Amino acid sequence: MYNSGGMERVLANKANYLSHAKGVDGKSNKVIIITTDQKNRKPFFYLFEDVRCIDLGINYEDDAQLPLPFRLFATKKKKAIHRMRLRDVLLKEKADIVISMFDYDFDILCDVEDGSSKILEYHFSREAKMIEARSWLKRTIQSMRLKSWLKIIRKYDKFVVLTERDKRSWGDLPNIMVIPNYLPTFPDKLAPLNNKIVLSVGRLSYQKNFHLLIRAWSKVHIKCPDWRLVIRGNGDDKDSIIQLIDKLSLSESVSLLPSTSQIASEYLNASFLAMSSRYEGFPMVMLEAMAHGLPIVTVDYPCGASDVITNGLNGIVVGSSDSLGLANAIITLINDNANLRKMSVSARHKAEEYTESRVMGIWQNLFREISSKS
Numbered sequence: 001m002y003n004s005g006g007m008e009r010v011l012a013n014k015a016n017y018l019s020h021a022k023g024v025d026g027k028s029n030k031v032i033i034i035t036t037d038q039k040n041r042k043p044f045f046y047l048f049e050d051v052r053c054i055d056l057g058i059n060y061e062d063d064a065q066l067p068l069p070f071r072l073f074a075t076k077k078k079k080a081i082h083r084m085r086l087r088d089v090l091l092k093e094k095a096d097i098v099i100s101m102f103d104y105d106f107d108i109l110c111d112v113e114d115g116s117s118k119i120l121e122y123h124f125s126r127e128a129k130m131i132e133a134r135s136w137l138k139r140t141i142q143s144m145r146l147k148s149w150l151k152i153i154r155k156y157d158k159f160v161v162l163t164e165r166d167k168r169s170w171g172d173l174p175n176i177m178v179i180p181n182y183l184p185t186f187p188d189k190l191a192p193l194n195n196k197i198v199l200s201v202g203r204l205s206y207q208k209n210f211h212l213l214i215r216a217w218s219k220v221h222i223k224c225p226d227w228r229l230v231i232r233g234n235g236d237d238k239d240s241i242i243q244l245i246d247k248l249s250l251s252e253s254v255s256l257l258p259s260t261s262q263i264a265s266e267y268l269n270a271s272f273l274a275m276s277s278r279y280e281g282f283p284m285v286m287l288e289a290m291a292h293g294l295p296i297v298t299v300d301y302p303c304g305a306s307d308v309i310t311n312g313l314n315g316i317v318v319g320s321s322d323s324l325g326l327a328n329a330i331i332t333l334i335n336d337n338a339n340l341r342k343m344s345v346s347a348r349h350k351a352e353e354y355t356e357s358r359v360m361g362i363w364q365n366l367f368r369e370i371s372s373k374s
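Numbering (full-length UniProt numbering), first residue to last: 1 to 374.
Everything labelled a hint here was simulated from the structure, so no lab data went into it. Check the hints yourself; a few may be wrong.
Claimed, not checked - Label pairs and their calculated CB-CB ranges: (1) V345 x T260: 24 to 30 angstroms; (2) R134 x K189: 39 to 45 angstroms; (3) N337 x K42: 40 to 46 angstroms; (4) R83 x I141: 20 to 26 angstroms; (5) E164 x T260: 30 to 36 angstroms; (6) K155 x N3: 44 to 50 angstroms; (7) V345 x E252: 31 to 37 angstroms; (8) R358 x T260: 24 to 30 angstroms; (9) S251 x L324: 19 to 25 angstroms.
Keep in mind it's a predicted model, so treat the numbers as computed, not measured. Glycine is no exception: its CB is placed at the ideal position from the N, C-alpha and C atoms.
Kindly produce the complete structure, drawing on both the sequences and the hints.
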């Protein structure tokens, strides 16, 4: 929970909502977040006081830099400890429903016999795992791993994914359903679209593919030199991104700023949002930007864009990894203020489909369904 990522944000929002909602028995919910690597760090996103946090102290990330054979051995040992500590906590807390976020616990939780109903939710996409595998050997291993996951997924009472596209990619799983992310609050203010700023937000990582966006921006800068690209995020790719910005002589045109929990002001300052991701689950920044009236210019990553963006209506979608197409789409929107403002209205309307009450209503119906079967 110390990270500033979209999954952490979604979990914080959901935990806060459920802590103030009534359970299936009509009583107030008791919400607990169980972590493995918190190390006394404060959660990045605000949690209500009645959301309890328990860290198991497994610390998988301590072994991240070990050579692969040693890392696998260390992870196996820690998994055994994780299994025991998680079981002890669940037996003590007597939870009715336990949800795995598809992290280190996903192949552990399903076998813990504590009397609770078990839900597994996946915040990425099945296709993403194959995209991450960058060699033939890794793709072969990942394909085998995905097949083994199916056996584990079937053990859960329900498997929740974020998009219809991702649901289709998992095949005919009998326990699968779609529940998208949602906006915990809906902003009153809309971006005036008066500033010559294109915004992009996300972790500086292979997944977000900011190198593609910056290469596209080098073409935009030639045609629209008075516009700026603002990137908000932290991550391991920061140095290589700065090097690319310098190499393309874009330091006056591109601002690389750290992530912030006060992102609303950035949306209000921008005229639209650009995305260049290789893959996503269901990006919160896309919904948040649209709620502020920002159209989206994006590559067609799996998954999320095709579920939300209607090309030409509330944004522009170009082919994945299409730097030139992305540049042309940005230039097109910059040069068509009337269409930009039409898309802004449509973006806002689309975002209204992802309100807290609607999406959390789906979650609460699911809780009632599986509780009635237990």
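Verification of the supplied hints:
1. For V345 paired with T260, a C-beta distance near 27 angstroms keeps the hint of 24 to 30 angstroms intact.
2. Checking the proposed 39 to 45 angstroms range against R134 and K189 shows it holds: the Cβ atoms sit about 42 angstroms from each other.
3. Checked against the hint of 40 to 46 angstroms, the C-beta distance between N337 and K42 comes to roughly 43 angstroms, which is consistent with it.
4. For the hinted restraint 20 to 26 angstroms between R83 and I141, the CB-CB distance of approximately 24 angstroms keeps it satisfied.
5. Distance hint check for E164 and T260: the Cβ-Cβ separation is about 32 angstroms, which falls inside the suggested range of 30 to 36 angstroms.
6. In this structure the supplied range 44 to 50 angstroms is violated for K155 paired with N3, their Cβ-Cβ distance being about 28 angstroms.
7. Range check, V345 to E252: Cβ separation about 33 angstroms, and the 31 to 37 angstroms hint holds.
8. Against the hinted window of 24 to 30 angstroms, the Cβ-Cβ separation of R358 and T260 comes to about 27 angstroms, which satisfies the hint.
9. Between S251 and L324 the Cβ separation comes to about 22 angstroms, which falls inside the hinted range of 19 to 25 angstroms.
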